[in-house]
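Trainee: Sequence:
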Amino acid sequence: MNPSVVGTKTMVVSPHYLASMAGSRMLQQGGNAYDAAVAVSACLAVVYPHMTGIGGDSFWLCYNSREQMVKAYNGSGRSGFNVSLSSYAGETSIPYRGIRSAITVPGMVDSWDAILREHGRLPLSEVLEPAITYAAEGFPMTKDQYKHTLNHFELLAGMPYTSDIYTPNQRVPLPGERFVQSRLADSLREIADRGRDAFYTGKLAHAIADFLAREGGMLTLEDLAAHRGNWVTPISSTYRGYTMYQVPPNSQGFVGLMALNILEHCDLQTIEHGSYEYYHLLVEALKRSFVDRNAVLTDPDFSHIPLDELLDPAYAKRLYDAISMDQAMIPEEARPMGSDTAYAAVVDEEGNAVSFIQSLYFEFGSAVVAGNTGILLQNRGSFFSLDPGHINSLQPNKRSFHTLMPAMACRNGKPAILYGTQGGEGQPQTQTAIITRMIDYGMSPQEAVSAPRFVWGRTWGHATQELKLESRIDSGVAMRLGKAGHEVRRVRDYDPAMGHAHAIRIDEHGFLHGGADPRSDGLSIGW
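Those letters in the sequence shown? Residues 6 to 532, by this note's numbering.
In short, the hints are calculated from the structure, not lab data.
There's no promise every hint is true.
What follows is a list of derived Cβ distance ranges for each label pair [said to hold, decoys possible]:
hint, residue 1, residue 2, range
1, Gly95, Glu277, 34 to 40 Å
2, Trp236, Arg416, 21 to 27 Å
3, Pro318, Asp479, 28 to 34 Å
4, Glu277, Gly181, 38 to 44 Å
5, Gly356, Ser130, 35 to 41 Å
6, Ser9, Pro318, 33 to 39 Å
7, Pro305, Asp392, 15 to 21 Å
8, Arg416, Pro128, 32 to 38 Å
9, Asp512, Gln73, 17 to 23 Å
10, Asn156, Thr206, 23 to 29 Å
11, Pro8, Met334, 34 to 40 Å
In silico EDC-like links for lysine to aspartate or glutamate, alpha-carbon gap of 20 Å or less [to be verified]:
hint, residue 1, residue 2
12, Lys208, Glu227
13, Lys14, Glu354
14, Lys14, Asp272
15, Lys208, Asp118
16, Lys152, Glu182
17, Lys488, Glu471
18, Lys208, Asp191
19, Lys419, Asp498
20, Lys152, Asp512
In this text, all values refer to a predicted model and were calculated from it rather than measured experimentally.
The C-beta atom is built at its ideal place from N, Cα and C for all residues, glycine as well.
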């Protein structure tokens, strides 16, 4: 287990040590939590390229100590104006990879601009400097990146431009080798010099649009120019005296609130942590939340999402009462979800707090690098349905159902816990495990993220009803879960299928406790 880190003034957590160091550097250079968060985000887009990139999306929860309120920024992109069901006539689903899966505008760069304009202190050029340096001069290839590159070697090696970066000379760079992305460095320099417009209307926008036009892509310069993310009001509920915040739809964040609303009807402290009852209850609460999510989640501009009903405590009580402690619920089959995501959080000495998450959807996204830009494009739009009657059906200028969901828990109006994880379907599951461990069982963030985890169902690109359990979970507990009807599969200790989770807790003395997932290359830095 990683060592527990406690700071007296600040804390940065992320899934890569270099990104955490970049955020820490911004704080030392006079920046605030927002400057540090954008530096971490940009750095992750370089040093964790299999998990995230500037060709992807991001969601943000921000607490401002002066305003004493939590705000959210939706940094997800919409499908192109010319992208519709007819674009895939005769097909049953949108391809998961390739140029025809890159159909939504990347929203991350816009989100950097929005966060810094609203609350930042440092210029964008200074905030992006660590990311530019690591892209231009390289960084040590991690075991995690090596493993994912090896797993997708055939896909990456078969893509022009992509292969030059990720499989040079038809080989996978070994862990510890210097990994350089010089063209991405040039793109980041252009953004640092000219701001968000470089990506959406300027030099990079033209380069991306021209590349897509040549290669049969569907996004256009008009689509890029039209993009704007937006500040939105977070959704919230309460749990054991805390106010729990999530980003509203098109994020699946309300699933995390629903699960906690259900669990509120049970005194978890009377249930042994790690017992059959603990795992069964959490999994069953989450399954019931997923049923409603699958029925309603989409772009709220296209369909009403009844959040008041879904988050009603009386409805949660009905869902709780429907749980059998002896029998697992078997939900409907569903499509696989992507998993390439990076979560991070920052708290500064003024009390500002940022909880954020970003993604390309699947590992390496569409696997398409936009020509000489070095920018890997996301495949988030591949989750749209081609069924015109489906709630998440593909339509022009629409945001897809989104798995990204950063979380924040406040007490007495101030941030108390920032938490989140990668992992598609696993995000609300791991969040629920982490927050119950901290609130109900008194664990530190490091203990909570390091403890054995589970993940049920469709994640990491595979459609399944399996309940994956890390092998550190007691074999007797696993056996009893199997007898109750769960499709149990034991996986190795600290299995990457559990995702990379991180958390910060601010205690009653004002000290900051950081937790970085030992399944990742992450680091907590506080002082």
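Trainee: Hint by hint, note whether the structure agrees.
Mentor: Hints, verified against the model:
no. : hint                        : verdict
1   : Gly95 / Glu277: 34 to 40 Å  : violated, 55 Å
2   : Trp236 / Arg416: 21 to 27 Å : holds, 24 Å
3   : Pro318 / Asp479: 28 to 34 Å : holds, 33 Å
4   : Glu277 / Gly181: 38 to 44 Å : holds, 42 Å
5   : Gly356 / Ser130: 35 to 41 Å : violated, 27 Å
6   : Ser9 / Pro318: 33 to 39 Å   : holds, 34 Å
7   : Pro305 / Asp392: 15 to 21 Å : holds, 19 Å
8   : Arg416 / Pro128: 32 to 38 Å : holds, 34 Å
9   : Asp512 / Gln73: 17 to 23 Å  : holds, 19 Å
10  : Asn156 / Thr206: 23 to 29 Å : violated, 37 Å
11  : Pro8 / Met334: 34 to 40 Å   : holds, 39 Å
12  : Lys208 / Glu227             : holds, 14 Å
13  : Lys14 / Glu354              : holds, 5 Å
14  : Lys14 / Asp272              : violated, 34 Å
15  : Lys208 / Asp118             : holds, 17 Å
16  : Lys152 / Glu182             : holds, 14 Å
17  : Lys488 / Glu471             : holds, 14 Å
18  : Lys208 / Asp191             : holds, 11 Å
19  : Lys419 / Asp498             : violated, 35 Å
20  : Lys152 / Asp512             : violated, 37 Å
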